[in-house]
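Chemist: Sequence:
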Amino acid sequence: MKNFFIILTVLLFMGVASSLRFPRNPDQMRWAVLNCLHVQQPTDELYKKWTNFELPDDGKTHCFVKCILKNSRIYPLHLGRVNKTALEYQFKSHGMEVPKGVENLGNVIAGSCTDIYNEVKDVFLNNVEAFKKAFYFYDDDVKKWFKENTGVARPFGANMREYCDKKYKDNSECLVYCRFYYYRLVDEDKKVFWGWIHDTPGIPLDKRAKCLRKASKEKHCQVPITLQQYRNSSKDVAFRIQ
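Throughout the sequence shown, residue numbering follows mature numbering (1 follows the signal peptide of the UniProt record, and there is no 0), covering -19 to -1, 1 to 223 in sequence.
Don't take each hint at face value.
[Claimed, not checked] Label-pair distances were calculated between CB atoms; the ranges are:
| # | residue 1 | residue 2 | range |
| --- | --- | --- | --- |
| 1 | Glu110 | Glu154 | 26 to 36 Å |
| 2 | Asp103 | Asn33 | 37 to 47 Å |
| 3 | Lys125 | Glu69 | 20 to 30 Å |
| 4 | Lys195 | Lys81 | 19 to 29 Å |
| 5 | Asp39 | Lys200 | 38 to 48 Å |
| 6 | Asn152 | Asp39 | 16 to 26 Å |
| 7 | Lys81 | Lys148 | 14 to 24 Å |
| 8 | Lys81 | Glu143 | 38 to 48 Å |
| 9 | Glu143 | Glu169 | 18 to 28 Å |
| 10 | Glu69 | Trp126 | 18 to 28 Å |
| 11 | Asn85 | Asp146 | 45 to 55 Å |
No wet-lab data here; the hints were simulated from the structure. Note that the coordinates shown come from a computational prediction; the quantities given were computed from them, not determined experimentally. The C-beta atom is built at its ideal place from N, Cα and C for all residues, glycine as well.
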């Protein structure tokens, strides 16, 4: 873990971090939530609570909260604290007042699931409706956004591979970008997500760092192409994109 933070700090200094654009939109938040549900494997009871933004004080819920904040980039791993500015902007983008208590966030915390849950729980639980609105937990808001962004965003519920294949059938480089974007390996500005270096278990850290450095030197749709080529050329089968 110590080596991870050393390498990550060097990479950030070199300018390879993604732009982390805010506010996060419903497409991005749906992925953030669905990915965390898949990773945490809640019971039926917890599933109903989590999808209604009910966050009981238990270990599994603690890690669900950390996962959501990490996936939405509200809690960037390299900062070790809640990105208070990004969180405030998420509310302001809806024309909403920033909930009381958000101003007290932003402390450097150890980073365990429980540490992060304890940092945000009072603000979350005292402002449930505001957070559900700002982070698109209401289906009507989600469907409205997708309708307003027809032709720009992937249609609501559409299969990622089919959507990308159709949209970029005559552009193989950007076809790879589209797929990588929905795997959240690159962001909307075609930059590599630095979080990928942490979220790829089973692959040596130095290989992840080398791949990230190489891909980050490219521009536009060539970024994911380079990432794909480097990973697929690895002798380590676990390092390849299947």
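Chemist: State for each hint whether it applies.
Modeler: Checked hints:
1. Taking the beta carbon of each, Glu110 and Glu154 are about 43 Å apart, not inside 26 to 36 Å as hinted.
2. A hinted range of 37 to 47 Å for the beta carbons of Asp103 and Asn33 is inconsistent with their spacing of about 19 Å.
3. The given range of 20 to 30 Å is respected by Lys125 and Glu69, whose C-beta atoms sit roughly 23 Å from each other.
4. Here the CB-CB span from Lys195 to Lys81 is close to 46 Å, at odds with the stated 19 to 29 Å.
5. Hint check: Asp39 to Lys200, Cβ distance near 45 Å, so the stated range 38 to 48 Å holds.
6. Look at Asn152 against Asp39: about 47 Å separates their beta carbons, and that is not inside 16 to 26 Å.
7. Distance hint check for Lys81 and Lys148: the Cβ-Cβ separation is about 43 Å, which falls outside the suggested range of 14 to 24 Å.
8. Checked against the hint of 38 to 48 Å, the C-beta distance between Lys81 and Glu143 comes to roughly 44 Å, which is consistent with it.
9. Restraint check, Glu143 to Glu169: a C-beta distance of roughly 20 Å satisfies the suggested window 18 to 28 Å.
10. Range check, Glu69 to Trp126: about 20 Å between beta-carbon atoms, so the 18 to 28 Å window is met.
11. In this structure the supplied range 45 to 55 Å holds for Asn85 paired with Asp146, their Cβ-Cβ distance being about 47 Å.
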